[in-house]
Amino acid sequence: MDALIAEFPRFLGGFFGTLRICLFAATGALLVGTALAGARVSPVPPLRWVGTSWVTVFRNSPLIVVLFMFAFGLPQVGVTFPTLNGNAFFWPGVAALSAYTAAFVCEAVRSGINSVPPGQAEAARAVGLTFGQTLGTVVLPQALRTVVPPLGSVIIAMIKNSAIVGAFGVTGELFSVDAGNTALGYSALSSLTGVAIAYLVITIPAGLALGVLERKTEVKR
Amino acid sequence: MTSVLYDAPGPRTRRNTAIGTTVALVLLAGVVALAVVQLGANGQLDGEKWGPFFNPGNRYFTATWRALGVGLGNTLVAAALTLVLALAIGTALAVLRISSTPVYRWLVVGVIELLRGLPVVITIFLAARVLPEIGVTLPPLWYLVIGLTLYNCVIIAEIVRAGVAALPQGQSEAASAVGLTRFQVLRIILLPQAFRIMLPALISQLVVIVKDTSLGFIIFGFSEFVRTANTVIQFFGGQEEINLPLQAYTAVALVFILINYGLGKLAEYVQRRSGRASRSAAVAVRAPVRVGTGGG
Numbered sequence: 005m006d007a008l009i010a011e012f013p014r015f016l017g018g019f020f021g022t023l024r025i026c027l028f029a030a031t032g033a034l035l036v037g038t039a040l041a042g043a044r045v046s047p048v049p050p051l052r053w054v055g056t057s058w059v060t061v062f063r064n065s066p067l068i069v070v071l072f073m074f075a076f077g078l079p080q081v082g083v084t085f086p087t088l089n090g091n092a093f094f095w096p097g098v099a100a101l102s103a104y105t106a107a108f109v110c111e112a113v114r115s116g117i118n119s120v121p122p123g124q125a126e127a128a129r130a131v132g133l134t135f136g137q138t139l140g141t142v143v144l145p146q147a148l149r150t151v152v153p154p155l156g157s158v159i160i161a162m163i164k165n166s167a168i169v170g171a172f173g174v175t176g177e178l179f180s181v182d183a184g185n186t187a188l189g190y191s192a193l194s195s196l197t198g199v200a201i202a203y204l205v206i207t208i209p210a211g212l213a214l215g216v217l218e219r220k221t222e223v224k225r
Numbered sequence: 193m194t195s196v197l198y199d200a201p202g203p204r205t206r207r208n209t210a211i212g213t214t215v216a217l218v219l220l221a222g223v224v225a226l227a228v229v230q231l232g233a234n235g236q237l238d239g240e241k242w243g244p245f246f247n248p249g250n251r252y253f254t255a256t257w258r259a260l261g262v263g264l265g266n267t268l269v270a271a272a273l274t275l276v277l278a279l280a281i282g283t284a285l286a287v288l289r290i291s292s293t294p295v296y297r298w299l300v301v302g303v304i305e306l307l308r309g310l311p312v313v314i315t316i317f318l319a320a321r322v323l324p325e326i327g328v329t330l331p332p333l334w335y336l337v338i339g340l341t342l343y344n345c346v347i348i349a350e351i352v353r354a355g356v357a358a359l360p361q362g363q364s365e366a367a368s369a370v371g372l373t374r375f376q377v378l379r380i381i382l383l384p385q386a387f388r389i390m391l392p393a394l395i396s397q398l399v400v401i402v403k404d405t406s407l408g409f410i411i412f413g414f415s416e417f418v419r420t421a422n423t424v425i426q427f428f429g430g431q432e433e434i435n436l437p438l439q440a441y442t443a444v445a446l447v448f449i450l451i452n453y454g455l456g457k458l459a460e461y462v463q464r465r466s467g468r469a470s471r472s473a474a475v476a477v478r479a480p481v482r483v484g485t486g487g488g
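Just so you know, the sequences run in chain order S and Y.
If you count the first sequence from 1, you need to add 4 to reach the working numbering.
If you count the second sequence from 1, you need to add 192 to reach the working numbering.
Excised from the complex, chain S in its bound form (with noise of 0.2 Å):
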C-alpha cells in the first residue's frame, strides 16, 4: 500500500489516462456499435453481412490479438494513426478497443431493438404513423429502456479491458503505473494493490450507478 501513498501523483496520472482512454473508446464504440446494430436490422443484405462478420470476428477474438492487428496489420492497408506524446500505440490501443466494444453493443441494441413487441409497431403503423413517427414514438423508447442493464455492463467490461490496452503498451495508464514502480523498487504486492484500489475506485462506483440507472429505467411487463 505505501506505493500508492508514496506515488500518488503517479497514481493519479495513471487513473486520469485510464479514464480518457475509457472516454475516447466509449464514444467510438457507442456510435460504431449503433451504426452496426441498424445494419444488422437494415433490409440491404450486404449491410447485414457487414454487421454480422464484424460482430463475430470482433465477439470472438481475444482483445490482444485485435490490438496486435490493430498495431501492426492496418498500417500495411494504409492506415496510419498519429502518435500522442510520443505513444504509437495510445490511438491503435483506442481504436481497437473501440472496434471490440462496438461489438458488444452492436449486440446489446439489437436484443432491445428485438424486445419491443411486433404488435407495437403493428398497432401504430394500422393507426397511420409513418416509419420515422414509429420509430421515434413508439420502438425507440420501449428499446432504449430495455437496453440501459445490458449496455452498462459492457460499458463496465469495456473500463476493465482497458487495463489489457495498458498491458499491451500504452503508457499513462495504470498498469503502466506499476512498471514504473517495479523499477522505482515497490514490492508488487504493494504497488498492484494501489492498482487494484484505483481500479475499484472507477467500477465500483460505475456498477452502482447502473444499478441506480437501471432500477428508474426498469421496464415491466
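Calculated from the structure, these hints are not laboratory results.
For glycine and all other residues, C-beta sits at the position ideal for the given N, C-alpha and C.
Be a bit skeptical, because a hint or two may be false.
Distance condition first, Cα-Cα at most 25 Å in a straight line; then the derived SDA-like pairs of lysine to any residue [as the list claims (entries may be wrong)]:
id: 1; chain 1: Y; residue 1: K457; chain 2: S; residue 2: V83
id: 2; chain 1: Y; residue 1: K457; chain 2: S; residue 2: A43
id: 3; chain 1: S; residue 1: K220; chain 2: Y; residue 2: A358
id: 4; chain 1: Y; residue 1: K241; chain 2: S; residue 2: R44
id: 5; chain 1: Y; residue 1: K241; chain 2: S; residue 2: V83
id: 6; chain 1: Y; residue 1: K457; chain 2: S; residue 2: K220
id: 7; chain 1: S; residue 1: K220; chain 2: S; residue 2: T31
id: 8; chain 1: Y; residue 1: K457; chain 2: S; residue 2: P50
id: 9; chain 1: Y; residue 1: K457; chain 2: Y; residue 2: S368
id: 10; chain 1: Y; residue 1: K241; chain 2: S; residue 2: L78
Just a few of them, taken from the derived set where beta-carbon distance is under 10 Å, the chain Y residues facing chain S [what the hints assert, rightly or not]:
id: 11; residue: L197
id: 12; residue: T209
id: 13; residue: A284
id: 14; residue: P311
id: 15; residue: I449
To list a few chain S residues with every Cβ distance to chain Y over 12 Å, as calculated [as the list claims (entries may be wrong)]:
id: 16; residue: R14
id: 17; residue: F93
id: 18; residue: L188
id: 19; residue: T207
Mind docking chain Y on chain S? Use the hints.
Positioned in the frame of chain S, the structure of chain Y alone reads:
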C-alpha cells in the same frame, strides 16, 4: 415478414432496397479492392508470408503449426483447468451466499464485488507477481490459472445464483416439506436444475475464459498461443528475414474465431433444446447478456 421496424415490402420498397443493395455492394467491393491494392503495394500478399500458415506445401508449414499447436494446447489446458476450478469455487461461493448467516453473507458479497471490479489482467498479474514474492513458486501455467480462476469464480457464482433464483419457490418448499435438510435441498433439487438453466451462460463464460487465456502473454515464461505466435514472428523476422506479423495474427485470430464460434453455436443449441418454458429461456437470455457478453 413483419418485424418491429418495417412491414412486408411493397413494390416501391422493394425497388429502393434493390437500389440500396447495389450501392452497398459497389461501395463494399470498392473498399475491399482498395485494401487489397494497398496490401499488394506493401508486399503483404507474397506467398512466402502466407505460406507458413496456410499452404501445406510450404517447407515451414509443419514446423510452424507444430510450434503454434503447443501454444494452443497450453491455452486450452489453461482454459479447461480454469473452468473446472472456477466452477467448483464459484458454486461454493454461490451456496455460501444463498444460505449463510448475514455476517458470512456480507463477507461473501464483499469478496464477490471486490473481485468483479478488478480487470482480469490485474488478477493474473497479481498472481504472477505477488505469489513469487511471498515465496510460492509454481509453473507459470498455474499463475495464469489462479489469476483467471480468481476473476471467473465470482462471475460463475453470480450465474449460479441467478439460476437458483430463477427456480420456482415451490421446488425448495416441497423439498423442505419432504424433510430434506437445507444442504440436501441444494445438492439434490436446486443445483442440478439451476445448472441446466444456466448451461448456455456457462458456455458463454467458457468462451470468455478461452479468450482471456491470451492474457497469459504478460507472464514471462508461459508460452500460450499468442506468445508462441510472437516467437514464430521473431523467428521468421530474424533468421529467415521474412516479416510476417500480419499473416501470423490473422492465423491466430482465425483459430480463436473458429473455436469460440463453435462454442457459441453449442451454447445456442443447448439453449434451444432446453428452452421449453418461457421462464427458463427468459432467464437464460438475460443472464448471458448481463454477465457473459459484458465480460468481453
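So, going through the hints one by one against the coordinates:
1. Between the alpha carbons of K457/Y and V83/S the distance comes to roughly 33 Å, so the proposed pair goes past 25 Å and is violated.
2. For the hint linking K457/Y to A43/S, the alpha-carbon distance of about 22 Å falls within 25 Å, and the restraint holds.
3. Using a Cα cut-off of 25 Å, the hinted pair K220/S and A358/Y holds, with the two alpha carbons roughly 22 Å apart.
4. Restraint check for K241/Y and R44/S: not satisfied, since their Cα atoms lie roughly 34 Å apart, outside the 25 Å limit.
5. Taken as a hint, the K241/Y and V83/S pair is honoured in the structure, with Cα atoms around 20 Å apart against an allowance of 25 Å.
6. For the given pair, K457/Y sits about 34 Å from K220/S by alpha-carbon distance, which is inconsistent with the 25 Å threshold.
7. Proposed proximity of K220/S and T31/S is supported: the alpha carbons are some 23 Å apart, at most 25 Å.
8. At roughly 23 Å between alpha-carbon atoms, K457/Y and P50/S fall within 25 Å of each other, so this suggested pair holds.
9. For the hint pairing K457/Y with S368/Y, the CA-to-CA distance comes to about 38 Å; that exceeds 25 Å, so the pair is violated.
10. The straight-line distance between the Cα atoms of K241/Y and L78/S is roughly 16 Å, inside the 25 Å bound, and the hint therefore holds.
11. At a threshold of 10 Å, the smallest CB-CB gap from L197/Y to chain S is about 6 Å, leaving the interface hint in force.
12. For T209/Y, the interface hint holds, the least distance from its beta-carbon to any beta-carbon of chain S being 5 Å, beneath 10 Å.
13. Contact between A284/Y and chain S, as hinted, is not supported at the beta carbon level, the nearest pair being about 23 Å apart and thus beyond 10 Å.
14. Residue-level restraint check for P311/Y holds (minimum Cβ-Cβ distance to chain S is 4 Å; threshold 10 Å).
15. Interface restraint check: I449/Y against chain S, minimum CB-CB distance 4 Å, threshold 10 Å, status holds.
16. Taking the minimum C-beta to C-beta distance to chain Y, about 17 Å, the non-interface status of R14/S holds against the 12 Å cut.
17. The Cβ of F93/S lies farther than 12 Å from every Cβ of chain Y, with a closest approach of about 14 Å, so its non-interface assignment holds.
18. Distance to chain Y confirms L188/S as a non-interface residue, since its nearest Cβ pair spans about 15 Å, more than 12 Å.
19. Here T207/S does not stay apart from chain Y, with its beta-carbon only about 4 Å from theirs, under the 12 Å limit.
Violation of the numbered hints given earlier is confined to hints 1, 4, 6, 9, 13, 19; the remaining hints are satisfied by the structure.
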